[in-house]
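These protein sequence lines are chains H and R, in that order.
If you want our numbering, it's the 1-based position in the first sequence plus 697.
The letter at position 180 of the second sequence is residue 160 when you use our numbering, and the numbering goes up by one with no holes.
Calculated directly from the structure, the hints in this document are not laboratory data.
A few of these clues could be false.
[Unchecked claim] SDA-like mimics (lysine to any residue), calculated; alpha carbons at most 20 angstroms apart, straight line:
#1 LYS1106/H <-> SER355/R
#2 LYS1133/H <-> VAL68/R
#3 LYS1133/H <-> GLU289/R
#4 LYS1133/H <-> ARG265/R
#5 LYS911/H <-> GLU816/H
#6 LYS110/R <-> GLU336/R
#7 LYS1027/H <-> ALA399/R
#8 LYS1027/H <-> ALA292/R
#9 LYS1133/H <-> GLU422/R
#10 LYS1027/H <-> ALA1010/H
#11 LYS1133/H <-> SER400/R
#12 LYS1133/H <-> GLY294/R
#13 LYS1133/H <-> HIS324/R
#14 LYS1027/H <-> GLY353/R
#15 LYS1133/H <-> GLN429/R
#16 LYS1133/H <-> MET425/R
#17 LYS1027/H <-> THR420/R
#18 LYS1133/H <-> SER154/R
#19 LYS110/R <-> GLY815/H
#20 LYS1027/H <-> ASP258/R
#21 LYS1106/H <-> GLY353/R
#22 LYS1027/H <-> LYS110/R
#23 LYS1106/H <-> ASP258/R
#24 LYS110/R <-> SER154/R
#25 LYS52/R <-> PRO63/R
#26 LYS1133/H <-> GLY159/R
#27 LYS1027/H <-> ALA257/R
#28 LYS1133/H <-> ALA291/R
#29 LYS762/H <-> LYS911/H
#30 LYS110/R <-> GLU816/H
#31 LYS110/R <-> ALA1010/H
#32 LYS1106/H <-> GLY1086/H
#33 LYS977/H <-> GLY1029/H
Computed from a predicted structure; not experimentally measured.
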Amino acid sequence: MHRRTDARGFVLAAALLVAGAPALHAQTATGLAASARGWAIRNVTIVPVTGPRIERGTVVIRNGKIEAVGANAAPQPGDSVLDGSGLFVYPGMIDAGTRLGLSEINSVPGGEDLQELGEFNPQDAALIAVNPNSTPIPVTRSNGVTTAITSPRGGLVSGQAALLDLLGWTPQEMAVRAPAAMVMTYPSTGGGGRFRRARQAPGDQTNRQVLALKAFLGDAKAYADIKARLAAGAPGSQKTDLGMEAMVPVMRGDEPVIFDVETAQQIRGVLALADSFGLKVILRGAHEAWQLADTLAARHIPVIVGPTTTGVAPDDPYDEIYANPGVLAKAGVTIAFQTNDAHSSRDLPYNAALAEAYGLPADDALKALTINAAQIFGVADRLGSIEPGKEATLIVTDGDPLDARYGPKYVFIRGELVPFNDRHTVLYEEFRARPKP
Amino acid sequence: MKTCQLRDAKLRGVVAALISVVAATSLAAQSPAPFTMPVPPAAHLVAITNATILTVSHGTIPHGTIVIREGKIAAVGADVAVPAGAQVIDATGRYVMPGIIDEHSHSAVEVVNEITNAITPEVRMADVVKQDMPTIYWQLAGGVTMIHVLHGSANAIGGQNTLLKLRWGLPVDSLFFEGAPPSIKFALGENPKESNFQTFAGHPRYPQTRMGVEEVIRDAFTRAVAYRTEWQQYEAARRALRRGQAEPIPPRRDLQLDALVEIMDGRRLVNAHSYRADEILMLLRVAHDFGFRVASLEHGLEGYKVADEIAAAGTAVSTFSDMWGYKLEAYDAIPQNAALLTQHGVVVAINSDDDERARRLYQDAAKTMHFGGASETDALKMITLNPARILGIENRVGSIDVGKDADLAIFSGHPFAPASRVEMTLVDGRVFFDRTTAPTLEHEMQQLQEQRQHRGPAAAGRGAQ
């Protein structure tokens, strides 16, 4: 059955289109209340990412899911209709490394919950400290980044990252997967760069840190082994250690480890640890990963690149930070992007644009921002593309989201139309309307 | 706090200043060997052909030609003939825009802040320019041809700024842009009142509040007025001197107050680091009281709240495109600031304040189209003609017009498109960056490949391990 539109839907859609959803600004920190009524976005160019683009198609959303996609997808009576003429539907973008929810104003310690004391904090979970009302969250989603990894930082084992939808009344409602990964840093010699520095001997401190990390992983392995033997009925006991408990799924290979690294030397160290301890590894940062692109591809080790807005070391190629993602993608490495920030997480697509300018094919850039990130964190059945059955977390834009000239006109997260009620839009509207003094 | 220092170039400048004060020698010992490229020959006659030319001043010319003679633009247009003997740069499929002018930079200097006193108008950034820093080359690779190097923001009245052309590889004296009006840095808010770093001079320094910041500036100008009067009286006495009378004794020279008198006389531009709307209005009032115009609010992140007042003062705003939240006074920064101020008639520049951000100012300018709806021309002006206007050099640079310096950036596509990159950058018609000869990652990968082949499979290199 195909009706052009229902009257209520038409009125709402018209109001949205005319005034940029002013009525919605009054809504609360989360989106509109979940509605049994669906949405239909019509006459829109659909970029599913996992399939060919569809011109003048329709996307139907119901009960938080994408119900139908295509030229013949039909809304039901009562569905609200958005006219997508001249617009595009993309999956919501996923920032694979942020500080969202953990950082309010960098210089004000009271709002910073990023880093604990000490080197080994596997027991600390980002989700515990996520402030769902943190100002950068709506700022970020208003620019089309709908889902993000948020990570503790610091030390050798920073704690547990969480994958969040950037909408929800509580941290638990936001959680897509938590923990999504254990976050570690491979000790750095501070080396890297071109030929002469690659052979630099690691300093004593770095050696000690590598040994400490290995010892920690050895302890975690022993703890997990004993736990497994006890579960299988072996006699004896083991005192519960919250840190070691958090490492059990990691040592079983069920939970991945995000390794924050920069140099090829660090990456080799990570690969050796992965072999020794059977870790499921994700590299992050890794601006020298291009040196090991073929190895990483063969071993199916994904790389979260970026931020590409990082400075250049004095003897690195001037475009290394921009060109690294393209080399990796062409070698067959699964890549995603991170901003490693809360406030500039909305710039995620522009990070990818810089990589596109220096050799990353446009299709690969888009995949890196969507389906690849979903695959890396095991949620590709729910997020990352425009396909029936997936969560309706998607954006409607007036152009390529990587192009800084364009951006989202509508943002849906789990089927909810999210109002542009972020601090920046609110301030803009307020002061745009200031009378002449 | 660490993040704040990393994100805020001025704070980082303070840190750098402290480090260089404490351990200048060790810093020098750690810096790598200077990175060099061959210096391009002087450009006597150059023609850029088949280009899409974004003139900024008079629209876009598809399939146009630019002729450069002795470093100046001699002709630009669709029907311009290529003179005999010209060095031809074929820009088929490419876009040419004016070289990017970064109005707020701390690059190419050894130190950024003289942090010790609340006012330091006597110090000069021109004295600490270091011409062999690789960042100059990397910024050329981002289409930047000119940088306004500001003193840091540790003091309510800072030091004297300097203006450089990125003539990479030439001796230091060749980088200065001669003939520009001199300028000076002011700073309001958290940095001069030492909010995010304590006691760099070893103890807290007045001012510690925005009250004190205002008073320090007002006090300095009050003294400068008296100083100017002393000199005027001295000059008058000399003019009235008659034979046999004793020579009047001149006032004692004060290098701080000399700079402030230049400001009041309209001979030195004020570039004032500021964030909050209230402190912006405060400085505009002080300037009004002492009879000078503030040339630009640097950052001016809350400028959008008092756009009409800024416009009425004839003051420009040189801002970030979308940086916010790194400190309390940046909490109300919005990415629509640049576009909204433009709509109110304010001259707006987008700046970097940072070596890295400077490499992608074209992308930052593009954001103002999405955030706030700036036109493409206005967005381009924010990194070309508008900074030139702020600096008082719009007759020399900032657009592609006959008679102006041939400072040009050649992009692979439209500078605002995501797949575009800088292919070539010219300063005075000389090609100081050319991607075909640049040390790219692709070039390094080829070198590594050749090394591996040379060594043979047994010694296969880094990638195979």
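Right, here's what the structure says about each hint:
no., hint, verdict
1, LYS1106/H <-> SER355/R, "holds, 18 angstroms"
2, LYS1133/H <-> VAL68/R, "violated, 53 angstroms"
3, LYS1133/H <-> GLU289/R, "holds, 9 angstroms"
4, LYS1133/H <-> ARG265/R, "holds, 18 angstroms"
5, LYS911/H <-> GLU816/H, "holds, 13 angstroms"
6, LYS110/R <-> GLU336/R, "holds, 17 angstroms"
7, LYS1027/H <-> ALA399/R, "holds, 16 angstroms"
8, LYS1027/H <-> ALA292/R, "violated, 54 angstroms"
9, LYS1133/H <-> GLU422/R, "violated, 55 angstroms"
10, LYS1027/H <-> ALA1010/H, "violated, 24 angstroms"
11, LYS1133/H <-> SER400/R, "violated, 40 angstroms"
12, LYS1133/H <-> GLY294/R, "holds, 16 angstroms"
13, LYS1133/H <-> HIS324/R, "holds, 10 angstroms"
14, LYS1027/H <-> GLY353/R, "violated, 36 angstroms"
15, LYS1133/H <-> GLN429/R, "violated, 65 angstroms"
16, LYS1133/H <-> MET425/R, "violated, 59 angstroms"
17, LYS1027/H <-> THR420/R, "holds, 17 angstroms"
18, LYS1133/H <-> SER154/R, "violated, 47 angstroms"
19, LYS110/R <-> GLY815/H, "violated, 40 angstroms"
20, LYS1027/H <-> ASP258/R, "violated, 52 angstroms"
21, LYS1106/H <-> GLY353/R, "holds, 13 angstroms"
22, LYS1027/H <-> LYS110/R, "violated, 39 angstroms"
23, LYS1106/H <-> ASP258/R, "violated, 33 angstroms"
24, LYS110/R <-> SER154/R, "holds, 12 angstroms"
25, LYS52/R <-> PRO63/R, "holds, 15 angstroms"
26, LYS1133/H <-> GLY159/R, "violated, 38 angstroms"
27, LYS1027/H <-> ALA257/R, "violated, 49 angstroms"
28, LYS1133/H <-> ALA291/R, "holds, 12 angstroms"
29, LYS762/H <-> LYS911/H, "violated, 44 angstroms"
30, LYS110/R <-> GLU816/H, "violated, 39 angstroms"
31, LYS110/R <-> ALA1010/H, "holds, 18 angstroms"
32, LYS1106/H <-> GLY1086/H, "violated, 23 angstroms"
33, LYS977/H <-> GLY1029/H, "holds, 18 angstroms"
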